[in-house]
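Chemist: In the order they appear, the protein sequences are chains A and B. Per this note's numbering, the very first residue in the first sequence carries number 3; after that it's consecutive. Per this note's numbering, the very first residue in the second sequence carries number -18; after that it's consecutive.
Source of the hints: derived by calculation from the structure; they are not laboratory data. Predicted model only: the values in this text are computed from it and were never measured. Hints are supplied without guarantee of correctness; some may be wrong.
[To be verified] These stretches of chain B come out as covered by chain A in the derived footprint (C-beta under 8 Å, 3 or more residues):
| # | region |
| --- | --- |
| 1 | 6 to 16 |
| 2 | 28 to 39 |
[Said to hold, decoys possible] Calculated lysine-lysine pairs in the DSS-like style (CA-CA distance at most 25 Å, straight line):
| # | chain 1 | residue 1 | chain 2 | residue 2 |
| --- | --- | --- | --- | --- |
| 3 | A | K77 | A | K21 |
| 4 | A | K107 | B | K(-16) |
| 5 | A | K21 | B | K55 |
| 6 | A | K21 | B | K108 |
All C-beta atoms in this analysis are idealised placements derived from N, C-alpha and C, irrespective of residue type, glycine included.
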Amino acid sequence: MNKSLSERLLAGDRYALTKILSEVDNATQIGYQTSDELYSFGGKAWIVGITGSPGSGKSTLVNSLALRLSEQGKKIAILAVDPSSPFSGGAILGDRVRMKDLYGKPDIFIRSVSSRGHLGGVSSSTLRMARIFDAAGFDTILIETVGIGQNEIEVSKLAHTTIVVEAPGFGDEIQAIKAGILEIADILVVNKSDLPGVDATVSALVGMIDLGYSAKEEGKITPWVPPVVKVSSPKGEGISELITFMDAHRGYMRQHGLDSEIEKRAAIEEIGDEVEQWVREKYLNPKTNPELTALITQISKRELSPRVAAHRLIRNIKLH
Amino acid sequence: MNKKIRVLIAKPGLDGHDRGAKVVAWALRDAGMEVIYTGLRQTPTMIAEAALQENVDVVGISILSGAHLTLVPKILELLKQNGQDQVKVFVGGIIPDEDIQTLFGLGVANVYGPGASTQTIIEDIRKSFQDE
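Turn these sequences into a full structure, and let the hints steer you where they fit.
Modeler: Okay, structure coming up:
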């Protein structure tokens, strides 16, 4: 091969793109190398997280949203995450079933991703895969999470805009006031607005949001108050309004430099993960580190606490 | 490194019987594979496009309509055009004996009729990757 995978991706080769996505997902050496090579070509795409409980209609919403955005001339990438089986590690990735309108559109690329045992609603490779799409020139990257409960909020750390999808009848106001996924919403979608009970759900959410924001102290910048949008995906109702709010949120984030804040925070986490992994491999293996074995012996004799032992180990970590 | 075998299970053509496809998808998941399920009424172009975007190792095609000799060659041709000649293609459904050899001749890796065990399918897929 005379051209590298990265060069081919930058030249618009879709086969190189799909190959690189697999290498990144599989955490191979090629995957890491290519990610590093392509990093400087990114930073242009807007990453949108779409999350909500199972059956709330995320995939169908992504279908309508991607279609409308591509009609505006944008290149859209979709990372559709589904859960892996905790027993076999396998997965059925079925989001494509609801995205049939998106076939044959050259500007839309759908990639199904298994969470591969990672908790939090996305896979551990999701952000790196999104960056590959970014380098490949996609304008908007839609990350659809697994159907989530009350605590899987990881997508909000990766996405510039987080959309939380609810269906009518999600529960009462107490559900909404609980800590968890409502706090991460930049935009709330009440989906399936053709079903009964939609207005009650909307007003419960709006009420909770008002309460939350009037209780907040005045900060330096005007806080973004999450709008609530009614959407009926199959009818296409509410999609234009949703896109208007997405644009407004992007404007707000850019105006206050909050998009780069998200990237900085994600970068710190990523550096932390990498450092942790390096330390674990190099220093936390009793087979290769006799010092650790000695410390553990002292710990079991109650001569040292694990915390004190950790600090001894840190003192001896050599700069390489 | 955590490579998984990725399989696209596709139903081309007009027949609406997807129970077989779903049973196979379920079994492959339980065997630790990542199965991308596309749903009913897919055209060969849609299947090849999904295979490319998902970078699958295997495409499993379920056909009960009798149109296998029309649909399968088209899918194989499109996979090749997309640079995915290395993808293994398995066919399941109602396939008359005399057509099975034709399908093998076209490059299909295996054909499964009614009553085929999911265990056999799993083993065949695994075997086809051990050879490499």
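Chemist: Evaluate each hint against the coordinates.
Modeler: Quick rundown of the hints versus the structure:
Given a C-beta distance limit of less than 8 Å, the hint that chain A covers the region 6 to 16 of chain B holds, as 10 residues qualify and 3 suffice. Proximity of the region 28 to 39 of chain B to chain A, defined as three or more residues with a beta carbon under 8 Å from a beta carbon of that chain, is established by the 6 residues found. As the CA atoms of K77 of chain A and K21 of chain A are separated by approximately 19 Å, the hinted pair is consistent with the 25 Å bound. Between K107 of chain A and K(-16) of chain B the CA atoms are separated by roughly 29 Å; this puts the pair beyond 25 Å, and the hint is violated.
Taking the CA atoms of K21 of chain A and K55 of chain B, the gap is about 23 Å. The hint holds against a cut of 25 Å. Our distance criterion of 25 Å between C-alpha atoms is met by K21 of chain A and K108 of chain B, whose separation comes to about 23 Å.
When held up to the earlier numbered hints, the structure conflicts with hint 4 and nothing else.
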